[in-house]
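Novice: Given chain A, work out where chains B, C and D should sit, using these hints.
Protein chains in written order, with our numbering: chain A, 45 to 295; chain B, 45 to 295; chain C, 45 to 295; chain D, 45 to 295.
These are calculated hints, taken from the structure and not from any lab test. Accuracy of the hints is not assured; some may be wrong.
Claimed, not checked - In silico lysine-lysine, BS3-like type, Cα no more than 27 Å apart, as pairs:
{"#": "1", "chain 1": "D", "residue 1": "Lys215", "chain 2": "C", "residue 2": "Lys292"}
{"#": "2", "chain 1": "D", "residue 1": "Lys273", "chain 2": "C", "residue 2": "Lys49"}
{"#": "3", "chain 1": "B", "residue 1": "Lys215", "chain 2": "A", "residue 2": "Lys215"}
{"#": "4", "chain 1": "B", "residue 1": "Lys227", "chain 2": "B", "residue 2": "Lys215"}
{"#": "5", "chain 1": "D", "residue 1": "Lys215", "chain 2": "D", "residue 2": "Lys227"}
Stated by the list, open to error - Here are a few chain C residues that sit away from chain B, every Cβ distance over 10 Å (derived from the structure):
{"#": "6", "residue": "Phe53"}
{"#": "7", "residue": "Leu190"}
{"#": "8", "residue": "Pro250"}
{"#": "9", "residue": "Gln269"}
{"#": "10", "residue": "Arg291"}
Unchecked claim - One side only, chain D facing chain A, incomplete, derived with CB under 7 Å:
{"#": "11", "residue": "Pro213"}
{"#": "12", "residue": "Phe221"}
{"#": "13", "residue": "Leu278"}
None of the values given here were measured: they were computed from a predicted structure. Every residue, glycine too, gets a C-beta built ideally from N, C-alpha and C.
Protein chains: 4
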Amino acid sequence: MTRDKAIAFAAEKGLPINVTSRSPYSIDQNVWGRSCETGHLEDIWHAPQPDVYGYTSDPANNLPADEVIISFAEGLPIALNGRTMSSLAMITELNKTAGPHGIGRIDMVEDRLVGIKSREIYEAPGAMVLIAAHSELESVCVERDLARFKRQAEQRWTELVYDGLWFSPLKQALDAFMATASKHVTGDVRLTLQGGRAVVTGRRSPAALYDYSLATYDTGDMFDQQLAKGFIELFGLPAKIAADRDRKVAS
Amino acid sequence: MTRDKAIAFAAEKGLPINVTSRSPYSIDQNVWGRSCETGHLEDIWHAPQPDVYGYTSDPANNLPADEVIISFAEGLPIALNGRTMSSLAMITELNKTAGPHGIGRIDMVEDRLVGIKSREIYEAPGAMVLIAAHSELESVCVERDLARFKRQAEQRWTELVYDGLWFSPLKQALDAFMATASKHVTGDVRLTLQGGRAVVTGRRSPAALYDYSLATYDTGDMFDQQLAKGFIELFGLPAKIAADRDRKVAS
Amino acid sequence: MTRDKAIAFAAEKGLPINVTSRSPYSIDQNVWGRSCETGHLEDIWHAPQPDVYGYTSDPANNLPADEVIISFAEGLPIALNGRTMSSLAMITELNKTAGPHGIGRIDMVEDRLVGIKSREIYEAPGAMVLIAAHSELESVCVERDLARFKRQAEQRWTELVYDGLWFSPLKQALDAFMATASKHVTGDVRLTLQGGRAVVTGRRSPAALYDYSLATYDTGDMFDQQLAKGFIELFGLPAKIAADRDRKVAS
Amino acid sequence: MTRDKAIAFAAEKGLPINVTSRSPYSIDQNVWGRSCETGHLEDIWHAPQPDVYGYTSDPANNLPADEVIISFAEGLPIALNGRTMSSLAMITELNKTAGPHGIGRIDMVEDRLVGIKSREIYEAPGAMVLIAAHSELESVCVERDLARFKRQAEQRWTELVYDGLWFSPLKQALDAFMATASKHVTGDVRLTLQGGRAVVTGRRSPAALYDYSLATYDTGDMFDQQLAKGFIELFGLPAKIAADRDRKVAS
Numbered sequence: 045m046t047r048d049k050a051i052a053f054a055a056e057k058g059l060p061i062n063v064t065s066r067s068p069y070s071i072d073q074n075v076w077g078r079s080c081e082t083g084h085l086e087d088i089w090h091a092p093q094p095d096v097y098g099y100t101s102d103p104a105n106n107l108p109a110d111e112v113i114i115s116f117a118e119g120l121p122i123a124l125n126g127r128t129m130s131s132l133a134m135i136t137e138l139n140k141t142a143g144p145h146g147i148g149r150i151d152m153v154e155d156r157l158v159g160i161k162s163r164e165i166y167e168a169p170g171a172m173v174l175i176a177a178h179s180e181l182e183s184v185c186v187e188r189d190l191a192r193f194k195r196q197a198e199q200r201w202t203e204l205v206y207d208g209l210w211f212s213p214l215k216q217a218l219d220a221f222m223a224t225a226s227k228h229v230t231g232d233v234r235l236t237l238q239g240g241r242a243v244v245t246g247r248r249s250p251a252a253l254y255d256y257s258l259a260t261y262d263t264g265d266m267f268d269q270q271l272a273k274g275f276i277e278l279f280g281l282p283a284k285i286a287a288d289r290d291r292k293v294a295s
Numbered sequence: 045m046t047r048d049k050a051i052a053f054a055a056e057k058g059l060p061i062n063v064t065s066r067s068p069y070s071i072d073q074n075v076w077g078r079s080c081e082t083g084h085l086e087d088i089w090h091a092p093q094p095d096v097y098g099y100t101s102d103p104a105n106n107l108p109a110d111e112v113i114i115s116f117a118e119g120l121p122i123a124l125n126g127r128t129m130s131s132l133a134m135i136t137e138l139n140k141t142a143g144p145h146g147i148g149r150i151d152m153v154e155d156r157l158v159g160i161k162s163r164e165i166y167e168a169p170g171a172m173v174l175i176a177a178h179s180e181l182e183s184v185c186v187e188r189d190l191a192r193f194k195r196q197a198e199q200r201w202t203e204l205v206y207d208g209l210w211f212s213p214l215k216q217a218l219d220a221f222m223a224t225a226s227k228h229v230t231g232d233v234r235l236t237l238q239g240g241r242a243v244v245t246g247r248r249s250p251a252a253l254y255d256y257s258l259a260t261y262d263t264g265d266m267f268d269q270q271l272a273k274g275f276i277e278l279f280g281l282p283a284k285i286a287a288d289r290d291r292k293v294a295s
Numbered sequence: 045m046t047r048d049k050a051i052a053f054a055a056e057k058g059l060p061i062n063v064t065s066r067s068p069y070s071i072d073q074n075v076w077g078r079s080c081e082t083g084h085l086e087d088i089w090h091a092p093q094p095d096v097y098g099y100t101s102d103p104a105n106n107l108p109a110d111e112v113i114i115s116f117a118e119g120l121p122i123a124l125n126g127r128t129m130s131s132l133a134m135i136t137e138l139n140k141t142a143g144p145h146g147i148g149r150i151d152m153v154e155d156r157l158v159g160i161k162s163r164e165i166y167e168a169p170g171a172m173v174l175i176a177a178h179s180e181l182e183s184v185c186v187e188r189d190l191a192r193f194k195r196q197a198e199q200r201w202t203e204l205v206y207d208g209l210w211f212s213p214l215k216q217a218l219d220a221f222m223a224t225a226s227k228h229v230t231g232d233v234r235l236t237l238q239g240g241r242a243v244v245t246g247r248r249s250p251a252a253l254y255d256y257s258l259a260t261y262d263t264g265d266m267f268d269q270q271l272a273k274g275f276i277e278l279f280g281l282p283a284k285i286a287a288d289r290d291r292k293v294a295s
Numbered sequence: 045m046t047r048d049k050a051i052a053f054a055a056e057k058g059l060p061i062n063v064t065s066r067s068p069y070s071i072d073q074n075v076w077g078r079s080c081e082t083g084h085l086e087d088i089w090h091a092p093q094p095d096v097y098g099y100t101s102d103p104a105n106n107l108p109a110d111e112v113i114i115s116f117a118e119g120l121p122i123a124l125n126g127r128t129m130s131s132l133a134m135i136t137e138l139n140k141t142a143g144p145h146g147i148g149r150i151d152m153v154e155d156r157l158v159g160i161k162s163r164e165i166y167e168a169p170g171a172m173v174l175i176a177a178h179s180e181l182e183s184v185c186v187e188r189d190l191a192r193f194k195r196q197a198e199q200r201w202t203e204l205v206y207d208g209l210w211f212s213p214l215k216q217a218l219d220a221f222m223a224t225a226s227k228h229v230t231g232d233v234r235l236t237l238q239g240g241r242a243v244v245t246g247r248r249s250p251a252a253l254y255d256y257s258l259a260t261y262d263t264g265d266m267f268d269q270q271l272a273k274g275f276i277e278l279f280g281l282p283a284k285i286a287a288d289r290d291r292k293v294a295s
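So here's chain A without its partners, still in its complex pose (with noise of 0.2 Å):
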């Protein structure tokens, strides 16, 4: 039975469903967020009307900014504004104060595991705001090539989830690499949310590798200039000699 000739059948038996024709959507939602999908939004130029959204309020009202501060330990946030508290308290607390303010919202056209794309309206205020912070607060404590690798593996990781295998091998192994690249992710991040929008103004952290005296351009600065001559030289030894080689065959 398709969607519309369900929702007849069970108008006609009145039988109590939570989808009628005007609002016939697909909803699934929890404390991470909620998935809207089906009637109009299967024509993916026709905007979302406002009875889409169910966790987020209109960005556009434009309310007076909250500041928050999220404090992570390894990885995982444990505080809010100073209080500690679950993960489960964290991110009820913060769809509470940021899908006021219209924060999280998606509209996007995505690749099901079956095969076929499809358009999903996803609301995601908490989630959206732990990510803003950890992902600046990584930028601060995590090195430079193991922030490369690792957003290949996040991606490989996001796949694997999406795709249904939570339990696979791989995501057991990409798991215990997400681990040890998150020793040291620790520390406090400071947002501002505001009008759809979760900004960070501040981090800070005791195993930062973000380093003052090395990038200051001011009295006190402490990185040797001379190194770089070497640096660039060698670093770009293997294009240089590619160019001259391309030149050489072209001639």
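Specialist: Coordinates of chains B, C and D only, in the frame set by chain A:
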């Protein structure tokens, strides 16, 4: 000479420079964007003061929304609101439209090529609108496996460009990959610009892989639900065999 | 009907088939190679019996060595021992030369697309000689970063082809990458074929990136050893900063 | 001082060094292997002369075959022919057994960290036997998706080690990945060593994912062939939709 000494020297000698100890930022700018560093920004817990921004207004102003339609052909932007224009005209005009909405502000700690972390403020209003539009059109026109691998290739492309290797052999080969991957990224994307947000509200393409008749749950659904059983069983078979093995080994 | 029942049925009815219960293998073959499975091979501890092989002789025969020179242009083999020939003639002739030396035997457990592991015996004498030669010419003509990324792209290409996705969009985009990456893979490779081994003994190319004047330790060395200090210091700086952080956090 | 000048200087002064202008190689060696460079090897078209080798005999000697069984536990070699031994004893003994067969000779042009290509001769008889055995045991015990991603992770691991970043944060996180990925790489591998070849002839494992009842084509086959239809249809659906689109756009 460090930056603070250079400023003092210029003041003493009456040299006309564009930085003062009150506005001491190191600024680079071009049509793609504007970057700002040093000064109070070197304290990464310190929120950016308003005077660091030059290309964008405060998104909290929440001006009335603008709507734009950007048209792409083979991955490249070719028209804005139906008017064909060059890439240069496109980015210039989008900067003018998106900047007042505060779109494209980025405050981040990044990894410099020379091995240190540095905090930067970027403003790229037009570029960020283009990226949002292009990315969503790709979701509609690019096949799943290609989209997944392209993310890895994009990351490597970006690292090369950031690291100054624009003319390297790998960059050239990735460009060939991108050209082929973009062959069908043709169509229109509609966005709402307001309050720091560039939000896609519609997409349409003569080369879409989104297929209403496969995606709908209503009458006309062409997707054969019977196929799912065999697919899911075999898709999950390696993970299932591994789980059986794990249990056997553990016992 | 399972394989053993099908063989019994054919024997009973006098049907002419090419397998017997003594030689019960499932064999596929073409000019690229020959694969053999089932029978005693299904016991993966059992060594292959000599009758599984059809394209190669026992490498322990240790026939007198053959030497071949294979010439490539833009990544494709174009001449054997100086005689220009088609790819088809090349592979056919290399099969004839390398097969008697027992080159190209592969005994492996592999992952079938449908999710199970299977044991296969392959023989691909000509293909394995071509791969050895081509791979070594790439080492001489392909720049490091390109070579490193190409390995990932090759793996994905191979997975697609193995999984039957020859005409997929990702395969097409990877082909474009490969074509550009192969632009300078031009030159000659000399190999010795004997006793199961195809060993490269020489390579020369008008597009080589190998530069004698940079690689020699003798008089004429053009490599500026002074550059190494700055390079090593900055190349290792992120790891050094991370090690300092680790010590600080641990104490 | 370049290498040729240093040799002349030592000869003139009567200094006891281990190189002469007739045997001028730069040699590094330890229990894992031996590398040799410079001298006539700097001409990459020149085949290696016999005097470059120190750990291996000529494989063309074709000595009578040796058979070994290597046992692994969680990815590490723990026993040789049933005798438990340390990794050091294992590699030492395998060097002694495999070296006379000429196993583990590698002649390659490689990319040095400092950006130039260099030609090296390596001999690693024991290491190459271990790699062949370990790799095949992984084929039996490691699930497909994990095996595919592990290849990428291995490549990155190898690049880091080659580039001297043994203690880097990425190396540590990859080590954690590898430890989990190797949890079930336990079992025995039998190899024949002869004529330059280390050939796996059997593998067995209490943690094998190879399942005779799924892989056989004979009576007892448990694989449900009916599942293939749904799987193939949906596995290929994205490529099929893309092919339809390509035709539509082209017409």
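Novice: A separate judgement is required for each hint: does it hold in the structure or not?
Specialist: So, going through the hints one by one against the coordinates:
no.: 1; hint: D/Lys215 with C/Lys292; in the structure: 20 Å, holds
no.: 2; hint: D/Lys273 with C/Lys49; in the structure: 23 Å, holds
no.: 3; hint: B/Lys215 with A/Lys215; in the structure: 31 Å, violated
no.: 4; hint: B/Lys227 with B/Lys215; in the structure: 18 Å, holds
no.: 5; hint: D/Lys215 with D/Lys227; in the structure: 18 Å, holds
no.: 6; hint: Phe53; in the structure: 28 Å, holds
no.: 7; hint: Leu190; in the structure: 4 Å, violated
no.: 8; hint: Pro250; in the structure: 16 Å, holds
no.: 9; hint: Gln269; in the structure: 21 Å, holds
no.: 10; hint: Arg291; in the structure: 18 Å, holds
no.: 11; hint: Pro213; in the structure: 4 Å, holds
no.: 12; hint: Phe221; in the structure: 4 Å, holds
no.: 13; hint: Leu278; in the structure: 5 Å, holds
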